[in-house]
Amino acid sequence: MGFDDDGEQDLVVYGTPIEREEDTSARKRRAVAEAGQLRALPAWKQEVRDEEGRRRFHGAFTGGFSAGYYNTVGTKEGWTPQTFTSSRKNRTEVKKQSIYSFLDEEDIKGMGGNTLETTQQYDTFGSTATEYARKQASKEQKERPSAIPGPIPDELVVPATTSIGMKLLMKMGWHKGRSIRDAHADSLYESRREARKAFLALSGVSNDDEKLQIDSHKSGKDESVKGSFEEIHASGNTAVYVLHPKQDLHGLGFDPFKHAPEFKDRKRLQKSARDHNKSDVSMRGSLLISNSGQYAPGFGIGALEELGVEDEDIYASGFAYEHMEVDVEPSKTPSDGNYKLKDRKRGVFLSFKIASGSEYKLERFDPPEIPTDFDGRHKFLTPVQAVNNISDLAPPEVPPPEDISLRLLIEGCAAMVARCGKHIEDFYKEKSKTNPQFIFLNEGDGCSYYARKLWEYQQKYIDQQRPDAIKSKSSSDKLTAEDRGKILGEKPLDRSTKLSSSSFPANEAIQLRSNLGDTFVKPLSLDGTPEYQKPFRNDPAKQARFEQFLKDKYEGGLRPANLIPASTMSDADRARERLDFEAAAETIEKGKEKKAMDPLSLLGLAGINEQRFVSSTESEKSVPPRDENSMYPRRDEFEWRPSPILCKRFDVVDPFMGKPMPVQRPRSKMDTLIFMSDSTKKADDIVESPSIEPPHTAVAGTEAKAKGMATLPDIETSNMQRPVDLYKAIFSDDSDDDMDEPVITEPVDPVKTSEGANMVLNRLVAEDFLESLGKELGLDVPPEKPTLPNVLFRPETLPTANATVISRNGKATTCQKVEKESSLDKVEVANASADAPSGNDEKLDLKYEKHELRTKKGRLNIGWTDISSSMFIL
Amino acid sequence: MGPTDNSFLLLPFPPTASHTPEDWRREEAMSSAAGAAAQKLPRTEARTLSGHEGAVLAVRFNRDGNYCLSCGKDRTLRLWNPHTGALVKTYKSHGREVRDVYSSSDNAKLVSCGGDRQIFYWDVASGRVIRKFRGHNSEINAVKFNEFNTVVVSAGYDQTVRAFDCRSQSSDPIQTIDTFQDSVMSVNVTSTEIIAGSVDGTVRTFDIRMGRETVDNLGHPVNCISLSNDRNCLLANCLDSTVRLIDKSTGELLQEYKGHICKSFKMDCCLTNDDAFVVGGSEDGFVFFWELVDAPVVASFRAHSSVVTSVSYHPTKASMLTSSVDGTVRVWT
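Chain order of the listed sequences is G and E.
Counting from 1, one number per residue, gives the positions in the first sequence under UniProt numbering.
Counting from 1, one number per residue, gives the positions in the second sequence under UniProt numbering.
Please keep in mind that the hints were generated in silico from the structure rather than gathered at the bench.
Keep in mind that a hint or two might mislead.
Claimed, not checked - No more than 35 Å apart at the CA atoms, straight line, and that leaves these computed lysine-lysine pairs for DSBU-like: (1) G:648 with G:659; (2) E:317 with G:659; (3) G:551 with G:267; (4) G:433 with G:422; (5) G:171 with G:267; (6) G:659 with E:132; (7) G:139 with G:246; (8) G:542 with E:248; (9) G:551 with G:422; (10) G:429 with G:551; (11) E:258 with G:648; (12) E:258 with E:132; (13) G:361 with G:379; (14) G:648 with E:248; (15) E:92 with E:263; (16) G:648 with E:109; (17) G:422 with G:139; (18) E:40 with E:132; (19) G:551 with E:263; (20) E:263 with G:648; (21) E:132 with G:648.
What the hints assert, rightly or not - Chain E is nowhere near these chain G residues, computed Cβ spacing over 10 Å in every case: (22) 134; (23) 258; (24) 398; (25) 633; (26) 652.
The structure displayed is predicted, hence computed values, not measured ones.
Where is the CB? At the ideal position from N, CA and C, for every residue including glycine.
Next comes chain E alone, as it looks inside the complex (with noise of 0.2 Å):
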């Protein structure tokens, strides 16, 4: 009944890094035009925003990538500039880490939860919070807003998805779905779905249209979910260290990543602005690039030091961004 143990809290260690460049480094095996595409892959390191003391938890590119938002345990939201490296502003209010930070379209609010069970909705320019919105049981683990940033999505460790309405004064949730059996990892917000990945291996896609629930079974916890750009795909993180392709549409299993370490952590995975190659990071600091369709390993990289936490990939330029629980964020381009 309750959340089990397969949340991201399982264990509380990271695993040995005992893995060498080497071994994963199983380039230009693929055809020519892929490795053309592939050698423009981000892999230089621009520049490192700290600042964050402690992990970051989350990094989010802005919707036209300008800027970028920063999350960790140290409790506090950094918007920076990630082009430049300057740090805008910090955003402190949160009472414990902040697990996922999302900004609107319009550059003009923020949303970000966290183990405070709270969802802030932030302005921008003032730093202020403009509301808090409560109903959640327990830590939040993601937020998103919808399209037209009039409701804010969230997902939370107490097996539910809330939605909140930024529009009246009111700070309950105006929807509570509770179908979920474990621990709700992420969630993803299309024109008219609410796509939500729990740890009890569902993906569960709520069309509001339609008032139908989809339920997709992995079989294996799900840890992130993010969609391609074409909306036709559903990327699924899977917590036995794959990630899995999913088309949205049938439900059917259309590719599996693996080489990667994903068991304990709750870490992104992402697809590149024109949907070639998947991205992900691993727990041992890896960055890997899976080709879309055949899936192998393009490229991979030691990023960080440690457990790369979350990855976010520009919406149209060629660059990336990762954190991870050294308490950095990179720019690679």
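The shape of chain G in the complex, shown without the other chains (with noise of 0.2 Å):
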């Protein structure tokens, strides 16, 4: 502790020390045993005494012994401090004194009493019209939608007082507690209509409505009288003009359905649906409500959660029992409407006027007109090049008829097609109707031969006429339509459909473009549909018509106009089920590629259709293949090395005791990063023990030449990997460096001892550090004067660096000469020769171009791992 100059304070003291007996009054110990006893007493008795037990006297007539409030001031609140205010700057108004500020209450009600008080003067129906109107609007309040979710207290609603019609309507003959939808409203009905008309007059109501109404009310007695009653309702209660609060997310004016109003349309159909039929289940075949929207019922995330796809309600049956939907359209109540118009009238209803016309319209285009002698099929304009297309396959051979006349004409026939086109065909065609001589052209006999010859002689034709291209083709080997095919994956063109239909050539080219189209297009053969395909199978119709919109969509050309205009259906239905089309359709492909979907499941139909859809998981769980039995399981062993925690933690030896970890590669390039950081830096001082050479990436090599190691080129080799410590790279590098720098430099200073080195060199690492921050302020931090070993244990720059500082001290030429020559493990001594037979003043010089250079290195060094540790945070 602390050996002070003071000799008293050797002591010590602890606890408190006893008090003398004598010291203590008698009186103060009698306070204190009295104290206890007066803190029991009613305030009232308290006494209040000083510390030595007095009582004190106040005076007789400011409380005697006991001066109120415990001898402290006299108020409750005692002396509360005000904060001063200057009476220089804020003057005490003069205020103006009227007469009232000297009256007394009693005064001013004698001299007029114009005072506010409330009164029950106007309250005619006392507690039962305030019952009914609490009723009332408690009633008005459950139809209105409100803002606020949940009852809204009475008091925030009712009115406070009632009107002065009330009054006259009692005058009227009416009494408090009578229903005012009487029964017998019609023979009150003459005097009240009086009272009325007298009412109005006396009010100065000159309002037209009014009038209207009163007039009105005179054609149907029980209507008028009805109205009346709402009048005087009205004015009982004002109604309460509510704006529909705006509960969607839309902005202020803006429909959803503007350009859409089939959905609108839709959405009117589902209202009215749902008002009538909730169990209408077929409106809701919702297109567009994907399951995404579910998610499980009951629970949210947490307020710090996102929601995600994984919040979804993967278990959600797919029936939307309540879906919501947004309200679009407020429906009005009758008295929001009068308001409104009135509003409108007055034209201040929110500044919105009714546009003139209506900015949407249904823009309609006939289909285009077809001509009638249009017979939907292309008619080629080189027909030899296309029989050439198509005859690129061969027909098989096929012995030749035996009546050897039909033989010939069959060939010279195939002869002339070849030569001259499809045409002739067709005309020969067209002959054969009459002469059965050429009825080998369409089927019989003869026809397998004859589509042999005519692709036997329309090959040599093509070779006839393109010699020049063949030989060119064979040549250079060019790319055919097969070799593209075969290489593409597509299929040849079924070649036995040729084989077994009749072949005459006419179909064959239908058939031949058909069959282009399987090829290039993914045909969507409804013949071949399973029924599972066959979404709108209860509805025949619908069905024709959606396997006409699969034509349309898939196979594409122009159609006779017949089925677009589908008699009975709106346009919006015919909108909703082009969708439903569209969707079914999707999901059929869909179901192709991957078989395991159910195609209702995609639409977010799922339980609407389910009786439409069958699922297609029978269908396809017959297939597992077979190859993949023999395949599976396979079994692969590997080396795995647990954690030596782990294995204390199972209680089982460690397999791995005592074997080195893996060699660690860089996983990611920031750790590459660190390590160029680090390469670069420790690229002058090579390691003095070459001995333990651990492989050296890349990477680095790579970066450490770009960073101007060129010109050394050994000098890679000996660019160690070494595992980068963060706090190192940017704390404790050089003292790392300098480490190393002793065992170099100890020829030079033999005397000193690794160790002092060491510590006068982490001194200077943090004088290094300090001025480097220092600078980094910008403070102005005078350099240190060195000592000479400080110089001598200090060599070491960045190669470039050296040559920048050596060429600035003049001493260029030696310097990189030496380096050049330098070999890999001369490098340092190099260094340090460069160095060491310098002059005193030049090292000095050298010393504080280096040092800048290191603190510019260590700011690099920080940046880098600035970079890095941000890298880390990304």
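Hints given; two lone chains; assemble the complex.
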């Protein structure tokens, strides 16, 4: 502890000193004893005493011994300090005095009583009226949407007073407690009308509306009575005009259905359907409701969590019983309408006006007129080419028919057709109708032979026509259509159909075209569609339309327009159906690709169309790949290294105990970045023990090169990879380097022990760091005067830096020469020698330069690590 | 690279139930001895444990079978006495759905995991979370204790299996295994091994004693793995609606069990306590029993109205628990 000058302080005292008995007076003791008692007494009995136990007399008129509030200041608050306000700036305002400031309430009453006060005078119905109003208000409140969910306290909405109208009513014979919608309104009608008239005249309301109303009252008794009551009612408790709170997320005045009237239509239908029959599910064949909107019922997610895909309720049954829809058209209560109209008349209704013309117009274009003579079939302008293309695939060899004349005829005909083109064949075909000789063109024996022959001739003809082309083809081996097809994996055109069917060429062309379609466009031949792909089986007409739609979609081409106006269907219906079809077609497509998918599921129609769709899962589970079973299960074994702590926790001996950890390769770019900075930093102080040579990375090597180490070709090999410590990279990089230095510089200064050197160096490092820090902060740090050993211990810098330093010192030639000459293990010696022989002054200069460079380098390091740490965060 | 669509979140809807019980009833097709054993299988519903508000994702007997734990989408764990039907305690702390729960062998601690990417280490009696283990980058599918309740091993959607030390204060994993190619669905721990099944179709056994990783590629996404009671066989529920029995030592495929539907959900399978039958749930709410050796469907019955997410067999008695998406846990005897 403190070895201070004062001898007294050597004493250490614990605890509180014991007081002497005689020090405490008897009075004091008594006071202490009584203090407890006093506190038990009621406040008014308590007496205030000082610490000596004496009572203090405050004066006979100021409380005697007990001076109120326990001898404080006579008020409960005591002395409350007040903030001082200068009266210089805030002058006391001169109050305007009126007579009222001198009169008390009684006087004012006497003067005429112009104070405001509540009165029961006008509460004609008393409690009943309040009750009634309350009921009315709550009823209204239920009907109208409210921004505040839940019941609103009645006090908030009940009108506080009733109007004079009620009083008038009373005078007209109506008395409290009686329902205002009385059954015997009839008998009272006349008198009330009169009263009302009088009232209107009296109150000076010259509203046309009301007059009209009064007139209209005369027409129908019942109605008018009702109306008048409503009037009264309205005046009784003012109908509150409530703007419908905006509960959707649309912008102001935005109509989501502006450009999609079909949805509006649908929505209206849906709404009405919902109103009428809740179980009407067909309307909810909701097209756009995907499952993604469904989340687990009953619970949301945490406030800090994001709503992600994983929150979807994957178990949802698909029955979206009550999907909320945005209420676009607020339901108008009659009173609302009235008010709005009035407001609009006055032009204050939110300054919106009714547009003179609707902005939206449904533009409709008629389908293009198809000329009557159009047959929907393309005529090829160059029949020869077409034939060429078609007949690329040879029909099989067929023995010629026995009849030689027929054979000759066939051959001749084939040659002719080959040479002249298809139209000749057509011509012959026409002929064949009359002449049985040409029957082979269509069917009968010789038909296949004809096909073969035709092909042969065509080939020949082509060969003749384009000999040079063929030559060039053979030479350079260009891609033919088949080759390309083979490469692309197209299936060759179906030859068997050609064989089996009656292959008369005109049909052939069509067939081929369709076959081509098969190869290039994914066909959706509904003839072959299994049952589950007919989504609208229940409705044959719809299914037919669907198939037509599919044809349109996948086959293309022009169609007769007969299907377009689907008679009874409305616009919205058609649009909806089209969307339906699109979705269904897509489903079928996908179902083909991914057989496991349930077609209806994609639509999100799951529950609704269940009866229409049959799950496709059964049909697909049948084909497990056979060869896979033989392949699997497959077993592989690898080495795996459990962590030692895991082994310990499992109570197992670590199988890798004592073995070194595998070399960790830098896993990310960031690691290499750190390493790179390290390597460049270390580039000059080559590790003095090259006996251990861990593998260096090419990245480091190239990086080093980029840093200007190309002048030292061998230096890369010595560039060691070391595990890099982030902390070290920032703070202790130089000390690391310098640790190595003494070994090198020992020949120069053998007296120093390495420990001593380290100490000095560490200090230097700290200084360097501080200095750099100071420079960073913009402070002027005076450089420390270096001593000789310091210089000797710091001969390292970047080679490039070295060069610049040296050039500044005018020693460029020698040093660079030395460096260039130096081999791998000589570099540091060279560095050292570059320093050692130079004069003291120069050394000092050198030292300064280096010093700066070092600080720069340090900053560089920090920069690197900053980057890397930020990358960590990323 | 990333987890493919093969995970159990693949299809966001349940399959349509189009089977009738009769379709699958191929009873008494086996030998009389097996038939007698089959008669003892738990097929009658003893009681329903209802209380979860939403899908129940897992149900587990504790070590001795006196209690059971369930967890589900309502972010709670519940501890029940399945023999009386009493709800003992509810554990609430998870921020998202709880996918798996496991109790320590001394019944003192629980460990649970789920969508909030954390593993909760609970004290059973107080219901407090002792520790939360972080480290998984994604949802955690399964979690287990080791034999000594000192290590928690978890399997996650981030394609890793991680081991956490219960004895240290650190919440970081002591071991991360990231050789999986896809989401890891299930994990099992024996005295010296960690066995995990993944959507990449592999079951990987990490032998700590030998320092070896054994990869059994089944060719189909593995949903759940469970061990036979003699620890020699491995039961893997694959997403091709097949349960496969594998010899653990050789990796040989011993048997395949089919008939149920398992295509898109994470569903459990297990063996009965005498290893005579294989139990598995189906996506249409059925529970299937297969005879172990010859693999016929011994019994099947509709247990739930929807996907049976989990089955757990009593360690000693002929009793079984099933949980389902319909929000109930049922006890069968």
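Right, here's what the structure says about each hint:
Distance check on the hinted pair: residue 648 (chain G) and residue 659 (chain G) sit about 16 Å apart at the alpha-carbon level, within 35 Å; holds. Between the alpha carbons of residue 317 (chain E) and residue 659 (chain G) the distance comes to roughly 47 Å, so the proposed pair goes past 35 Å and is violated. The straight-line distance between the Cα atoms of residue 551 (chain G) and residue 267 (chain G) is roughly 30 Å, inside the 35 Å bound, and the hint therefore holds. Under the criterion of a C-alpha separation no larger than 35 Å, the hint pairing residue 433 (chain G) with residue 422 (chain G) is consistent with the structure, at around 17 Å.
Taken as a hint, the residue 171 (chain G) and residue 267 (chain G) pair is broken in the structure, with Cα atoms around 52 Å apart against an allowance of 35 Å. Only pairs whose Cα atoms come within 35 Å are accepted, and residue 659 (chain G) paired with residue 132 (chain E) is accepted, the gap being roughly 33 Å. A C-alpha spacing of about 22 Å is found between residue 139 (chain G) and residue 246 (chain G), which places the hinted pair at or below 35 Å, so the restraint holds. Straight-line distance between C-alpha atoms of residue 542 (chain G) and residue 248 (chain E) comes to about 57 Å, which puts the hinted pair past the 35 Å bound.
Restraint check: the Cα-Cα separation between residue 551 (chain G) and residue 422 (chain G) comes to about 29 Å, which is no more than 35 Å; the hinted pair holds. At most 35 Å may separate the alpha-carbon atoms for a hinted pair to count; residue 429 (chain G) and residue 551 (chain G) meet this at roughly 31 Å. Taken as a hint, the residue 258 (chain E) and residue 648 (chain G) pair is broken in the structure, with Cα atoms around 41 Å apart against an allowance of 35 Å. Taking the CA atoms of residue 258 (chain E) and residue 132 (chain E), the gap is near 39 Å; set against the 35 Å cutoff, the hint is violated.
Restraint check for residue 361 (chain G) and residue 379 (chain G): not satisfied, since their Cα atoms lie roughly 41 Å apart, outside the 35 Å limit. With a CA separation close to 24 Å, the supplied pair residue 648 (chain G) and residue 248 (chain E) stays within the 35 Å bound. A hinted pair counts as satisfied when its Cα atoms are at most 35 Å apart, and residue 92 (chain E) with residue 263 (chain E) qualifies at roughly 31 Å. For the given pair, residue 648 (chain G) sits about 20 Å from residue 109 (chain E) by alpha-carbon distance, which is consistent with the 35 Å threshold.
For the proposed pair residue 422 (chain G) and residue 139 (chain G), the alpha carbon gap of about 86 Å is over 35 Å, so the pair is violated. A distance of roughly 42 Å separates the Cα atoms of residue 40 (chain E) and residue 132 (chain E); the hinted pair therefore is violated under the 35 Å criterion. This hinted pair checks out: residue 551 (chain G) and residue 263 (chain E) have alpha carbons roughly 33 Å apart, not beyond 35 Å. Proximity of residue 263 (chain E) to residue 648 (chain G) is assessed by CA-CA distance (about 39 Å); at most 35 Å being required, the pair is judged violated.
Distance restraint check for residue 132 (chain E) and residue 648 (chain G): the Cα-Cα separation of roughly 22 Å lies within the 35 Å cut-off, and the hinted pair is therefore satisfied. Against chain E, the non-interface label of residue 134 (chain G) holds: every CB pair exceeds 10 Å, the least being about 38 Å. The beta carbon of residue 258 (chain G) sits about 32 Å from the closest Cβ of chain E, which is more than 10 Å, so the claim that it is off the interface holds. No beta-carbon of chain E comes within 10 Å of the beta-carbon of residue 398 (chain G); the shortest separation is about 48 Å.
At the 10 Å boundary, the C-beta of residue 633 (chain G) falls inside the reach of chain E, the nearest C-beta of that chain being 5 Å off. A cut-off of 10 Å between C-beta atoms contradicts the statement that residue 652 (chain G) is not in contact with chain E; the least separation is 5 Å.
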